[in-house]
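Peer 1: Sequence:
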Amino acid sequence: MKIYIPTRGRWNKQITHNALTPKLKEQTVLVTDKDQEPPPNLPVEFVPETVKGIAATRQYIVENCPERYMVMLDDDLRLATRDYEGKILPASPEEVDAMFARLENWLQAGFAHCSSSPRFINWDEKIDEYKDCTRMMHVLAYDVEKLRKLGASFTKDVDETFSMDDFHMTLQLLRLGHTNRVDLLHRTNPSASNSNGGASTWRTLASHNRSARRLAELHGSVVAVRVKHGWQGMEGERLDVVVQWRKALNGRK
Numbered sequence: 001m002k003i004y005i006p007t008r009g010r011w012n013k014q015i016t017h018n019a020l021t022p023k024l025k026e027q028t029v030l031v032t033d034k035d036q037e038p039p040p041n042l043p044v045e046f047v048p049e050t051v052k053g054i055a056a057t058r059q060y061i062v063e064n065c066p067e068r069y070m071v072m073l074d075d076d077l078r079l080a081t082r083d084y085e086g087k088i089l090p091a092s093p094e095e096v097d098a099m100f101a102r103l104e105n106w107l108q109a110g111f112a113h114c115s116s117s118p119r120f121i122n123w124d125e126k127i128d129e130y131k132d133c134t135r136m137m138h139v140l141a142y143d144v145e146k147l148r149k150l151g152a153s154f155t156k157d158v159d160e161t162f163s164m165d166d167f168h169m170t171l172q173l174l175r176l177g178h179t180n181r182v183d184l185l186h187r188t189n190p191s192a193s194n195s196n197g198g199a200s201t202w203r204t205l206a207s208h209n210r211s212a213r214r215l216a217e218l219h220g221s222v223v224a225v226r227v228k229h230g231w232q233g234m235e236g237e238r239l240d241v242v243v244q245w246r247k248a249l250n251g252r253k
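Position 173 (the sequence shown) corresponds to 173 in my numbering; numbering is contiguous.
Note that these hints are calculated values from the structure, not bench results. These numbers come from a predicted model, not from an experiment. Watch out, some of these pointers could steer you wrong.
Derived Cβ-Cβ restraints for the label pairs, each shown as a range [stated by the list, open to error]:
no.	residue 1	residue 2	range
1	Asn64	Asp157	20 to 28 Å
2	Arg68	Gly177	16 to 24 Å
3	Leu150	Pro22	28 to 36 Å
4	Gly110	Glu37	36 to 44 Å
5	Arg226	Arg78	23 to 31 Å
Positions of the beta carbon are idealized from the N, C-alpha and C atoms, including for glycine.
The whole structure should be built from the sequences, with the hints applied where relevant.
Peer 2: Have a look at this one:
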């Protein structure tokens, strides 16, 4: 399975790459724009100058991945695990390898898309090992052949400022009848939203709010827009979305 880390403005702070085991680093490539200066001795792929924005970058990765199975990771992830009492612990190297093996096994078993859960998601009431038909964030694993065959695309009907491309892709696949699976044993612990680098180098409150409205336009009755306040570096009236993932799987617009 190929591993990609889209990154920008964080060359001296590769948190996700540092969290991987040597075995996984051999499968990993950093992906960025040509105006970035990569650290030495790390494999890097530069996207063409015509590729603008995170949606287009992710779509470029899908279209150019040489392997059937792949996973894209945010560049600011610390990796963790959860014991059966619900306690979140730093992941050992063995557990990090197990996290990626689990994703690949699910893809090989027939899932078109799967993920690992962020630490802040409160899904621990039943201490389940995984959850089907739900949102995917930070860790995006795909069967590339299925994405290409189905015509699902991060850039479908959106512009280069669109920043909810992960939700957009998940909704496309659900509405095409392909449920996903999200790992609840292995967790990610991302940096605070809108922290320095990454999306904060190009996302604005206006572009974020346009993305929320556009997601609702594209996915009809399964996405509702809500107003929230207070986001580091983006003070003001921020729009967020509430998504009915299971309703999307039932094929409703």
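Peer 1: All hints, please: hold or fail.
Peer 2: Hints, verified against the model:
1. Roughly 21 Å separates the CB atoms of Asn64 and Asp157, a value that falls within the hinted 20 to 28 Å.
2. Restraint check, Arg68 to Gly177: a C-beta distance of roughly 20 Å satisfies the suggested window 16 to 24 Å.
3. Checked against the given bound of 28 to 36 Å, the beta carbons of Leu150 and Pro22, roughly 35 Å apart, stay inside it.
4. Distance hint for Gly110 and Glu37: a CB-CB separation of about 41 Å, consistent with the stated range 36 to 44 Å.
5. One distance hint, 23 to 31 Å for the beta-carbon pair Arg226 and Arg78, holds here, with the actual separation near 29 Å.
No hint from the list above goes unmet by this structure.
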